[in-house]
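Between the sequences and the hints, there should be enough to build the whole structure, so can you do that?
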Amino acid sequence: MDKPAKRIVMIVGPTAVGKSDLGIYLAQQLQGEVINGDAYQIYRHMNIGTAKIMPDEMAGVPHHLLDIVEPTMPYTVAKFKAAAENAITTVNNRHHLPILVGGTGFYLNSLRLNLPLGGKAPPKSVRQRWQKALAEHGALWLWTQLAQRDPVAAKQIEPANTRRVIRALEVIELTGRRFSKQPQPQPLYDTLVIGLTTQRAILYERINVRVDAMMAAGLEEEVANLLKKVPPDAQAMQAIGYKELVPYFEGQANLADCVALIKQHSRHFAKRQLTYFRNQMPTHWFDLVAHPEEKQAVVTLVHQWLKQPDKGEKDELDR
RNA sequence: GGAGGAGUAGCGAAGAGGCUAAACGCGGCGGACUGUAAAUCCGCUCCUUCGGGUUCAUAGGUUCGAAUCCUAUCUCCUCCA
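Be aware that the first sequence starts at 1, since it is given in the numbering used here, and climbs by one per residue.
These are calculated hints, taken from the structure and not from any lab test. The structure presented is a predicted model; accordingly, all values stated were derived computationally and were not measured. Mixed in with the good hints there might be a few duds.
[Said to hold, decoys possible] Dumping the calculated EDC-like pairs for lysine to aspartate or glutamate here, alpha-carbon to alpha-carbon at most 20 Å:
(1) Lys229 x Glu250
(2) Lys228 x Glu250
(3) Lys81 x Asp67
(4) Lys243 x Glu221
Shown next as structure tokens:
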């Protein structure tokens, strides 16, 4: 089989480890451009809470896929994948290195593995019908439906995880194919994954400090402004740092409690991110918090990898 | 000084003689992940060489059997002085 020719670098890691900084550094060192790989930084008007890098911090490095959607609009992996592929083409046409920087493992993996994602977009009606069925018959009944159509998928998805059960059911209905038997296209890219991490206690402390900094920078006002045009149940409002403030604005909770919740959710999130990058991606780990000088080692690693003649990392996870 | 109340695993909190190594929540840890992914969901969390061993403030006691009953001690809270 042909090796995927286009090479891309990904910088992943939990929130608050310094991905954005490394992205810029690498871009400078390697003639690269940054492509956002963060599910919520794509939204406009959500800057402070998403720790979005601002133009004056970009040091002249082009950044793609930031501020491309209004927060009232839902967004999906598939949209991200398409947009990212476009951005990669753009960067490649300038003979620059595409550097994906972000914390949304699933988005990044859809790109890296060229996931078909169940084919086409699900019509709302199908999903609504299943959701109604769920409300009427319960989670176990719903899961049984899946078990009848696709025992393999049913075994892999917890009955309580109704969101994924419904999605599996959708895909089966829409494609006439089992959810567990989706086509497996060749990857489009040859990907090097660099992961940033640090000692857990330090990471959590950084998160706490960062949330306080966000509040000091005006997160409260940002969310208040957002809520003027975005309904609290919009997808964008599921973002950590935003959803927790809604009860405060509704007079249901005091600010300090909400801020504590933001920190807690951020910590939990960081842990989930680490799990994902650890187990779902072939990540090369670095601790630049404890060892900033290893930045150079990262550059060297990328250099060497770029020099290898189309060898390909070929470490797709078996599923 | 007097009168009440309380002390349970990292924290909060149930349990009021055997079904209790002790519900539940939080925190912590691990995991899953193919169009909501900063989402959604699952598991573990006294020690253990997995045979067992030590727990419910502490020390005694009652009982076949105690976190649960009795006695003393210590600590904390509330009220009266």
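Comparing the hints with the structure gives:
1. Lys229 x Glu250: holds, 15 Å
2. Lys228 x Glu250: Holds, at roughly 13 Å.
3. Lys81 x Asp67: holds, 16 Å
4. Lys243 x Glu221: Between lysine 243 and glutamate 221 the Cα gap is close to 14 Å, so the pair holds against 20 Å.
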